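Number of protein chains: 2
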Amino acid sequence: MKLYDYNGAPNPRRVKIFAAEKDIQLELIQCDLAKGEHKTPEFIVKSPSGKIPVLELDDGRCISESVAICRYLEEIHPEPNLFGSTPYELAYIESRNRHLELELWTQIGISWVNGPIVGRLGRFKQIKEAKESSDKNTGKFYERLNDELAVIQFVAGDRYTVADITLLTAIDFATAMVDLKPDPDLTNLYRWHKEVSERPSSKM
Amino acid sequence: MKLYDYNGAPNPRRVKIFAAEKDIQLELIQCDLAKGEHKTPEFIVKSPSGKIPVLELDDGRCISESVAICRYLEEIHPEPNLFGSTPYELAYIESRNRHLELELWTQIGISWVNGPIVGRLGRFKQIKEAKESSDKNTGKFYERLNDELAVIQFVAGDRYTVADITLLTAIDFATAMVDLKPDPDLTNLYRWHKEVSERPSSKM
Chain R
1 MKLYDYNGAP NPRRVKIFAA EKDIQLELIQ CDLAKGEHKT PEFIVKSPSG
51 KIPVLELDDG RCISESVAIC RYLEEIHPEP NLFGSTPYEL AYIESRNRHL
101 ELELWTQIGI SWVNGPIVGR LGRFKQIKEA KESSDKNTGK FYERLNDELA
151 VIQFVAGDRY TVADITLLTA IDFATAMVDL KPDPDLTNLY RWHKEVSERP
201 SSKM
Chain U
1 MKLYDYNGAP NPRRVKIFAA EKDIQLELIQ CDLAKGEHKT PEFIVKSPSG
51 KIPVLELDDG RCISESVAIC RYLEEIHPEP NLFGSTPYEL AYIESRNRHL
101 ELELWTQIGI SWVNGPIVGR LGRFKQIKEA KESSDKNTGK FYERLNDELA
151 VIQFVAGDRY TVADITLLTA IDFATAMVDL KPDPDLTNLY RWHKEVSERP
201 SSKM
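Chains R and U, in that order, are what the protein sequence lines are.
In terms of our numbering, the first sequence opens at residue 1 and continues consecutively.
In terms of our numbering, the second sequence opens at residue 1 and continues consecutively.
Read the hints as simulated data drawn from the structure, not as lab findings.
Given the structure is predicted, the values throughout are model-derived calculations rather than measurements.
Please note: incorrect hints may appear among the correct ones.
One copy or any two copies: either way a pair holds, since identical chains are not told apart in the list.
[What the hints assert, rightly or not] In silico DSSO-like cross-links for lysine-lysine, where the CA-CA straight-line distance does not exceed 30 Å: (1) Lys-136 with Lys-35; (2) Lys-35 with Lys-140; (3) Lys-39 with Lys-128; (4) Lys-39 with Lys-140; (5) Lys-2 with Lys-136; (6) Lys-128 with Lys-181; (7) Lys-125 with Lys-136; (8) Lys-2 with Lys-128; (9) Lys-22 with Lys-128; (10) Lys-125 with Lys-140; (11) Lys-125 with Lys-181; (12) Lys-203 with Lys-35; (13) Lys-22 with Lys-140; (14) Lys-128 with Lys-140; (15) Lys-194 with Lys-35; (16) Lys-181 with Lys-2; (17) Lys-22 with Lys-125.
Excised from the complex, chain R in its bound form:
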């Protein structure tokens, strides 16, 4: 299987960490976002939204969207389980993952597209007020996570799941590429980040 990737991009990293946890080997193909390779007609056939990551199966069929790709990998390689085993656990882990995606990742994304790095590219109209609002929402969500991680070891409870990968990639991207490093006072969040970063998969 081939994974269309771009070094440093957070969503392909989610899939690479997920695959590493399951010891699945993927052939990485660089799709150069700076050159617009994700928007060519050939690539749109693979990924209708013109985004990476894309998983290309050996028969040529393609799957876009990081969580959809991870679910496919979970189905074909169930262990170690990262999405949940029972109906309740499957739903609970998905709800935790969605909180992160819809309330944290979306805000980091708004700060990113309205921030200085994307601003210098000149491709998007910058909305300063939108960034002020999303910066604030990100900070509040970090505080919520810090409170939650005072009583749970991992994002979805007592074991590592796909939701931890979502949070790790969000924080690492927000720290490195946006000016949204969590406040040092959020010690439970930092405890979690240190533990998860020590897993070999996090080097991806």
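Position chain U against the provided structure of chain R, taking the given hints into account.
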């Protein structure tokens, strides 16, 4: 099972349609958003993000997030299948559903919070430029859907799935509550909307 609902809110509607397709009976409990009942300490225990819908199981455990609730219902009541059966189909339907959530629903949401109805409540700072941008993105996504629905019957191919519920609730909300009714020239999108709206579940 109880579903915390608010008449007219689109996310509980997604779950109600999904349950109706499977003929699952849910006891509906109104959670009055206008009175802030979703932000009380008691409700935050059920739903850490302070949002509806929430499914409360008979043993008191709760699941938040519409898609997570739907996945739980799919697990306990597998037929008719709405999320996919094979690994590829599961991933493909999820990718289609996520395109709608991340590229359409998020934009409708930005137009909603920066639009006149929410504006009159005075709870959020209105960003006019953000609404102009999300209005435009919504229109572009409708055009993409119209092109896709020229060659497929349903959002994820030749059968009705959870992704059709996501799109139906998005368009109905955007039409009724935001000024984002699809352009009448998008005839494939209207053909799809008519067919899906004729299903009894759509009356939810």
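Inset, instruction - Could you figure out if Lys-39 and Lys-128 sit no more than 30 Å apart (CA to CA) within one copy, between two copies, both or neither? - result: Both, since 27 Å and 29 Å are each at most 30 Å.
Legend entry - Same-copy or cross-copy closeness of Lys-181 to Lys-2 [CA-CA at most 30 Å]: Neither: 32 Å inside a copy, 39 Å across copies.
Inset, instruction - Have a look at Lys-35 and Lys-140 and pick one of within, between, both or neither, based on CA distance no larger than 30 Å. - result: Intra 35 Å, inter 23 Å, cutoff 30 Å: inter-copy only.
Inset, instruction - With 30 Å as the alpha-carbon cut-off, assign the pair Lys-22 and Lys-140 to within, between, both or neither. - result: neither (33 Å within a copy, 38 Å between copies)
Legend entry - Intra- versus inter-subunit Cα pairing at 30 Å for Lys-39 with Lys-140: between (34 Å within a copy, 15 Å between copies)
Legend entry - Same-copy or cross-copy closeness of Lys-125 to Lys-136 [CA-CA at most 30 Å]: Classified as both; 20 Å inside a copy, 13 Å across copies.
Inset, instruction - Since the copies are identical, ignore which copy is meant and state whether Lys-125 and Lys-181 lie within 30 Å (CA to CA) inside a copy, between copies, both or neither. - result: both (24 Å within a copy, 24 Å between copies)
Legend entry - Copy assignment of Lys-136 with Lys-35, given that the CA separation must stay at most 30 Å: Result: close only across copies, 25 Å inter versus 32 Å intra.
Legend entry - Intra- versus inter-subunit Cα pairing at 30 Å for Lys-128 with Lys-140: Result: close both inside a copy and across copies, 19 Å intra and 23 Å inter.
Inset, instruction - Tell me, please, which holds for Lys-125 and Lys-140 at an alpha-carbon limit of 30 Å: within, between, both or neither? - result: The answer is both: 26 Å in one copy and 16 Å across copies each meet 30 Å.
Legend entry - Alpha-carbon proximity context of Lys-22 and Lys-128, limit 30 Å: neither (41 Å within a copy, 46 Å between copies)
Inset, instruction - Could you figure out if Lys-2 and Lys-128 sit no more than 30 Å apart (CA to CA) within one copy, between two copies, both or neither? - result: For Lys-2 and Lys-128, the Cα distance exceeds 30 Å both inside one copy (38 Å) and across copies (42 Å).
The earlier numbered hints that this structure contradicts are 5, 8, 9, 13, 15, 16, 17.
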